[in-house]
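Enquirer: The chain contents come next:
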Amino acid sequence: MASTERLLLSGNEAVALASLHAGVRLGTGYPGTPSTEILEAFSLIGGPAQWSPNEKVALEVALGVSFGGGRTLVTMKHVGVNVAADPLFTAAYIDLTGGLVLISADDPGMASSQNEQDNRHYARAAIVPMLEPADSQQAYDFTLAAFELSERWRIPVILRMTTRICHAKTEVIPGEPRPSAMEPHFERDIPGRVMIPAYARPAHHKIRAKMEEIARWNEESGLNRIHPGDKSLGIIASGISVMHAREAAPDATLLALGLTWPLPMQMITDFVNSVDRCIVIEEGDHLLYEALTVAGLKVEGKPEMYRFSELNVSRVRRIIAGDVTPEAPRPRGKPPELCQGCSHREVFEALSRLNCIVAGDIGCYTLGVLPPFEAMDTCVCMGAAIGVGLGLRHVLPEAEARRVVSVIGDSTFVHSGLTGIAEMVYNPPPTGHVVLIVDNSTTAMTGRQEHPGTGRSLNHEPTNRMDFVAVCKAMGVKNVEVVDPQKDEAKFEEILKDMMARDELSVLIAERPCILAAPLIRKLEKAEEEKRCAAGCAAAPVE
Amino acid sequence: MAVTNVVLAGLGGQGVVKASDLLSTTAFAGGLQVKKSEVHGMSQRGGSVTTDVRFGEQVLSPMVPMGEADFLMVFESSQVDLNLGWLRPGGVLITPALIPEGALKNRKSLNVALLGAASMVMDFDEQAWIDAIHRCLPEKLHAVNEQAFALGRRLGAELSRPEVIEGV
Ligand SMILES: Cc1ncc(C[n+]2csc(CCOP(=O)(O)OP(=O)(O)O)c2C)c(N)n1
Ligand code: SF4
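Chains Y and G supply the protein sequences, listed in that same order. Taking the numbering used here, the leading residue of the first sequence gets 10, the next gets one more, and so forth. Taking the numbering used here, the leading residue of the second sequence gets -10, the next gets one more, and so forth.
Chain Y extracted, bound-state conformation (with noise of 0.2 Å):
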C-alpha cells in the first residue's frame, strides 16, 4: 500500500485496518455501540472476525488464539469489559504468545449506554497497558504498537476509544503491513499459564515488573508528544480531549498523552516544571489529575461539573477559566422510538394491557419504557431481566408476584439470559416465573448482527443455530411456547396470561423478524435454500 495514500476513516475503521495490518489471525467480540463497526469492517476487509455470546467467551477466545502464537483483536463497548473482567485480570498476570490488543469503546455523554464509566480504571486494576487515541490516524498507529507492544511483554494492551474517537471521520496514513514474524504453535508453559496460587504469587511480582519495565520505555517511546508553545499555560490531557485542548488554548504548551498507563512520570515532571500553570484537561473521571497530584507534581484538576458527559472545545474553555456557572443545555432532540412495525410495538402494548410488573432489559424493546407503552420497570444491564423478575417473584406478595414478568431479547439471552434460566430452575419462586423472549432474529439495537439464535455468523455465513426452545426445555423450563405477536396478537396475549396465572415456569418466545433485519433475512434464507435445493436435489429420496 503506497505510504501517500490519504484516506477518511472513522476511528473504527483505522482500527480495523491496522489489525489486518498487524496480521491479526482472529478478530472477536460482541456488538455494542460505539464498537461495532470495528470487526464488520474488518471482515469487510478480508479480516477473520467472529461475533462471540458475550464479551467472556470474546476474550477467551482471543486468549486461546494468543497462546497459539497469534495475534488477536477483541473488542466491545465499555460494559462489555466489566462482563469481560474475570478473565482479563488474570490474563495480566500471564505470559501471552501472540499480541492480544482488547479494544474498549467508552461512551463518555452516554449517547447509546446505561452507565458512564471510565474505563482508563481497568488498566489500573487489572495492570495492563492502555493506549488513548486522539484521532483515526492515531487509532491506525497506536493499534499496530498495540500488537507490539503486547508481544514485546507478552501482555494483554487495551486500546481505550471513546465515541467521538470511534466515530468520527478523520484523515488516515496508512503505512506497509507489520505482521508479526511467529507463525502459530504451541508451547507448554505450565507455570506462566496455569493460574493456581503457586504460579500466580510469582506471575503478581512479575507483571508488575513488567509495568516498571514499560513505564521507563514509556520516557522515550514516541507515543507522548509535547505540542511546544507559551509557557505561562502547560496542559496535559489524553483522547479527544487534546483535540479540544488544543483548539481551546492554541497557544498553550501541551503534552499528549498517547500511552497513558504505565504513565511516563519523568516526562510528565519535566513537563510540569517547565510552564508557570499546568492544568489536567481528562474526560471522565480525575484520574489523571489524582495520580499525578499523589506524585507530588503541583497541576490543576477541572471542575466536578464536567465530570459528567462529554468535554468539547467549550468546556475546555470553561475549565481553563475557572468558569463553573451553569451551562447553557444543549438542544433535546426528540428522543427514538420503537420502529412503526416493529414487533416488540404489540409484546409492550400486551404487556401494558395486563399491568405487568416488567424487569426488563437491554436493546431496542428497552424503548417499550416510554410512551405510550411505560411498559418496564426496571433496566440495569444485559441479562438482569431473569435474575431481577426472580427477585420480585421471591419478595413480593402473591398477588404481585404474580404480575411480574421478565423481557429480554434474543440476543441479550445468549449474552446472559441461560444463567438466569438456570437460575429460575434451580430456585423457582413460589408462583412460578415468566420469562418472555422477544426474538426478533438479530442483534436490532446495535445495527442488526447475527447471533448463536440466528444460526448465521457475523458476515452472514449459514451456521450451527442454537435452539433456544429445546434449550430451555432441556434446562427443565415446563412450559415453552412461541408465538408471532403481531400475526397471533390475541393468541398472543392469552398465552401470556396464562402463564402468569399459573405456578409454573414458563418461557413464551415472541418470535417476529425485527422489520428493518427482515429484507436481509428473506435474502439470505432465500439463497440458502436454492443452495441446499442445488446440493440436494439429486440425492433427494423419491416419495
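A hint or two may mislead.
Stated by the list, open to error - Subject to a maximum C-alpha distance of 27 Å in a straight line, what follows is the list of computed DSS-like cross-link-like pairs (lysine-lysine):
(1) LYS129(G) / LYS535(Y)
(2) LYS7(G) / LYS532(Y)
(3) LYS532(Y) / LYS129(G)
(4) LYS343(Y) / LYS7(G)
(5) LYS343(Y) / LYS129(G)
It is worth saying that the hints were derived from the structure and are not from the lab.
Fit chain G with the ligands to the known structure of chain Y by using the hints.
Expert: Coordinates of chain G with the ligands only, in the frame set by chain Y:
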C-alpha cells in the same frame, strides 16, 4: 487557521449521515483536512440525529462548537428551531422549505437535494460533488441522486454566501 463548520440535523432514517459523508468526501478529495463526527446508536428509531463536518487546512476537535456553524442544514422542518443555536451570526441556514413538496420524484433524496443547494454557497466544483455521489452511493441510486442534486442547485441559486470564509 480558518475552519468551515457545517452542522447537519434531521431525524433517523433521513440520510443525515449519508449527506455528511458526501460533504466530507467532497471536501477531502479537494485536499483539505476534514473531520466528521456524529453520535450513532439509536438513530434508526426516528430520533434526532446531528452530524458535524469541519474542513480547512488544520482541523482539531471533530465537534462544531455551539454558535459557530457557518452552515446549518436541517432535513426536517420540525427540527429547525431546535438546532438554530448551532448557527453563528451571519451563517447560512438551509431547510427543507427550499425544496417544494412534489419537486422530488422521491422525497428520500431530499438529503442530496439540500446538498445541491448548499453546493451553491460552498467552494467545491460541481464535479467533485458528483464524484462523491458516485463514490458513496450504490450505482443504482446514482441517477436519481444526481437529479436531486441538480434540482437543489437550481433552487439554491438564491442562497447568499456567508461573509467570506478565508482559506477555503
Ligand atoms: C455488556 C454489554 N454488551 C453490549 C451492550 C450493547 N447492547 C445493548 S443491548 C444489545 C443487544 C440487543 O439485541 P437483542 O437483545 O436481540 O434486542 P433487540 O435490540 O434486537 O431488540 C447490545 C449488543 C451492552 N449494553 N452491554
Ligand atoms: S430496529 Fe427492528 S427491533 Fe429495533 S425498533 Fe426498529 S423494527 Fe424494532
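Enquirer: Hint by hint, say whether it matches the structure.
Expert: Hints versus structure:
1. Restraint check for LYS129(G) and LYS535(Y): the C-alpha separation of about 22 Å stays at or below 27 Å, so the hint holds.
2. Proposed proximity of LYS7(G) and LYS532(Y) is supported: the alpha carbons are some 24 Å apart, at most 27 Å.
3. Distance restraint check for LYS532(Y) and LYS129(G): the Cα-Cα separation of roughly 18 Å lies within the 27 Å cut-off, and the hinted pair is therefore satisfied.
4. Restraint check: the Cα-Cα separation between LYS343(Y) and LYS7(G) comes to about 20 Å, which is no more than 27 Å; the hinted pair holds.
5. Using a Cα cut-off of 27 Å, the hinted pair LYS343(Y) and LYS129(G) is violated, with the two alpha carbons roughly 32 Å apart.
Checked against the numbered hints given earlier, the structure breaks only hint 5 and satisfies all the rest.
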